[in-house]
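Residue numbers (the working numbering), protein chains in the order written: chain B, 1 to 259; chain Y, 1 to 337.
Quick caveat, the hints were computed from the structure, so don't treat them as lab data.
Ideal Cβ placement from N, Cα and C applies to all residues, glycine included.
You may find that some hints are simply not true.
[Claimed, not checked] Away from chain B, derived, C-beta distances all over 10 Å, residues of chain Y:
| hint | residue |
| --- | --- |
| 1 | 50 |
| 2 | 55 |
| 3 | 61 |
| 4 | 86 |
| 5 | 87 |
| 6 | 93 |
| 7 | 207 |
| 8 | 230 |
| 9 | 234 |
| 10 | 279 |
[Unchecked claim] Think about it this way: if two alpha-carbon atoms lie no more than 20 Å apart in a straight line, the pair counts; the simulated DMTMM-like pairs of lysine to aspartate or glutamate are:
| hint | chain 1 | residue 1 | chain 2 | residue 2 |
| --- | --- | --- | --- | --- |
| 11 | B | 256 | Y | 67 |
| 12 | B | 255 | Y | 51 |
| 13 | B | 256 | Y | 13 |
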Amino acid sequence: MAAPSAVLKSEWTKVRTVSSTMWTLAAALVLTAAVGALLSGVMNATFDDLSRAEQLTFDPTLVSFFGMMLGQLAMVVFGVLVISTEYSSGMIKTSLAAVPQRATFYVSKIAVATLLALIVGLLTSFLTFFLGQALLGDHKASIGDENVLRAVIGAGLYMAVIAMFSMGVASMLRSTVLSLGLLMAFFFLISSILAGVPATRDVARYLPDQAGSRVMQVVPGALNSDETPYGPWGGFGIMCAWTAVALIGGYIVLKKRDA
Amino acid sequence: MIELEGLTKRYGDKVAVDHLTFQVRPGMITGFLGPNGAGKSTTMRMMLDLDNPTSGSVRIDGKHYRELPEPLKYIGALLDAKNMHGGRSAYNNLLCLAQSNRIPDARVSEVLETVGLTAVAKKKSKGFSLGMGQRLGIAYALLGDPEILMFDEPVNGLDPEGIHWIRNLMKSLAAQGRTIFVSSHLMSEMALTADHLIVIGQGKLLADTSMAGFIRENSRSYVRVRTPQPEQFKDAASTAGMAVTLRGDGAFEIEGADMAEPVGELAAQHRVTLHELSPQQASLEEAFMQMTAQAVEYHAHDLSDPNAAAAAAGAVPGAPPAPNAPPPPGPQWGKGD
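Required output: the full structure, derived from the provided sequences and hints.
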């Protein structure tokens with residue numbers, strides 16, 4: 001058996017020595033924080049235009065995380081590239097010849113990339129929260145308020161799990177174009193459209209991003225949205241279940257299919 | 001020692017590798033020869049446990065590849081020069097692979113030095129030429145200082161200098177007592193490097209023999225003659241008891257190693273004009289083509305002379321059956337350099 005510590009070290013070298021890691025993670029942080037700050041500022045300026053119901057359920061923490069819509073896409077790219085470039089470059093053959101134990105290889109690779117995504121995710125969520133609150137003026141929340149710390153840490157976890165989900169999907173599809181095409185379309189379009197249409201809203205709630213983002217809400221039914229049938233951690237759990245399925249699927253493909 | 005036992009790979013209905021059983025013995029260069037699409041690369045990928053065999057098994061020193069604790073220290077392989085991440089430097093590509101097998105970092109610089117890539121170690125490998133990529137792949141194979149080395153078509157696309165370098169490298173590795181398993185679709189290349197030969201065609205084992213034995217059985221010496229008086233020449237030669245065959249292009253071939261002198265003297269005696277009198281050696285390439293002729297997946301057809309095939313197969317009784325009438329062997333093939 002290859003020593004797991006050696007394989008972890010190897011995977012860490014892999015992820016830190018390609019420039020896409022730096023670019024995608026930086027983009028995730030900047031997009032989430034910048035778009036969140038922008039929308040926080042806009043919300044603050046137009047607060048009086050909101051309906052009464054929206055004002056009553058105003059959720060400054062959630063508002064500061066509005067940039068996650070875009071920032072998560074960079075996390076998707078990070079997660080996809082970690083896996084798919086092994087296949088597109090042919091490196092996977094070299095890698096598996098060096099570490100033929102598929103489970104050790106797969107777990108090490110995903111653990112290293114997830115840890116990195118988690119660190120960047122938490123950094124992003126705290127930065128985004130404080131930046132957003134600073135721009136929300138009188139409507140801001142404080143990190144000490146009830147459930148706010150949970151939402152901020154939850155946002156960081158959300159980013160890490162998005163990356164993991166993408167890694168699982170990319171392990172199944174093995175192609176950068178296919179994986180990005182599918183995940184981008186899903187997260188950016190399909191999921192929001194399904195959530196926007198009344199007929200599909202009840203189902204869309206259980207999609208990974210819709211369920212997972214519940215953890216970033218502090219006020220139930222924030223901004224006059226429908227209340228979800230699950231709590232913040234329940235929603236996050238649904239997202240984790242999706243991710244587990246994707247990762248197990250990825251492992252089965254790695255194990256069964258020729259490299 | 002690598003042992004293949006009934007190794008088989010099927011893609012749907014198509015059998016890529018068909019019950020291959022052979023051994024790769026230590027301390028020598030074993031050539032793995034077959035036409036394009038014969039299943040060489042598939043076999044090598046199964047040997048490295050990258051592809052799953054449909055049936056059969058591969059053992060490396062009695063173990064399955066997956067049971068090797070740090071495989072790079074047992075067996076190093078060059079499959080394709082491009083099997084590296086282009087966005088990573090040559091050094092970092094090797095470093096991450098070395099780390100996974102607990103090979104010290106210093107060894108990375110060492111193998112880069114061996115293959116002559118020290119100057120570009122920090123450059124991204126996507127900018128590498130085919131030759132540089134091939135060298136990087138070989139550096140990877142050498143990383144763990146393994147006893148067994150596998151090279152898949154190592155000279156493909158290389159310039160003469162690169163070919164020469166790889167040839168010498170393989171020889172020096174074999175001289176150190178290592179096991180070398182190298183594939184090629186060029187007989188001429190194998191004749192220069194291999195001690196032992198394994199030939200496959202359409203996934204089936206066609207020959208498992210020593211190189212010397214293959215040469216002994218398959219090389220044929222003869223003299224080639226062209227004359228404007230074919231009838232006279234043929235009569236004279238037959239009377240003298242020489243085995244004469246007429247090739248499709250109108251030239252005669254007389255079997256035997258040192259026949260140029262007697263044939264020349266015979267022609268002078270009978271006042272037959274000769275336009276050509278040249279000693280020839282049938283190439284190993286030709287022998288290899290005949291052996292695999294039935295097993296070539298994609299046949300090319302000769303456009304220059306539509307009658308050549310018929311002439312070669314029909315008009316020349318002594319000629320070996322060749323479905324595509326290979327052009328007359330040039331003296332440059334198979335003679336070494």
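Going down the list of hints, with the structure as the test:
Distance check on residue 50 of chain Y: its Cβ comes as close as 4 Å (rounded) to a Cβ of chain B, failing to clear the 10 Å threshold; non-interface status is violated. A cut-off of 10 Å between C-beta atoms confirms that residue 55 of chain Y is not in contact with chain B; the least separation is 15 Å. Interface exclusion of residue 61 of chain Y from chain B stands, the closest Cβ pair being 15 Å apart, more than 10 Å. Not every CB of chain B lies more than 10 Å from the CB of residue 86 of chain Y, the least distance being 6 Å, so the non-interface label is violated.
Its beta-carbon lying about 5 Å from the closest one in chain B, residue 87 of chain Y breaks the requirement of being farther than 10 Å from that chain. A beta-carbon of chain B is positioned within 10 Å of the beta-carbon of residue 93 of chain Y; the least distance is around 8 Å. A cut-off of 10 Å between C-beta atoms confirms that residue 207 of chain Y is not in contact with chain B; the least separation is 27 Å. Residue placement check: residue 230 of chain Y keeps its beta carbon more than 10 Å from all beta carbons of chain B (closest about 57 Å).
Distance check for residue 234 of chain Y against chain B: the nearest CB is about 58 Å away, which clears 10 Å, and the non-interface claim stands. Listed as a non-interface residue, residue 279 of chain Y keeps its Cβ farther than 10 Å from every Cβ of chain B; the least gap is roughly 47 Å. Simply put, residue 256 of chain B and residue 67 of chain Y have alpha-carbon atoms about 17 Å apart, close enough for the 20 Å limit, and the pair holds. As the CA atoms of residue 255 of chain B and residue 51 of chain Y are separated by approximately 10 Å, the hinted pair is consistent with the 20 Å bound.
About 19 Å separates the Cα atoms of residue 256 of chain B and residue 13 of chain Y, which keeps this hinted pair within 20 Å; it holds.
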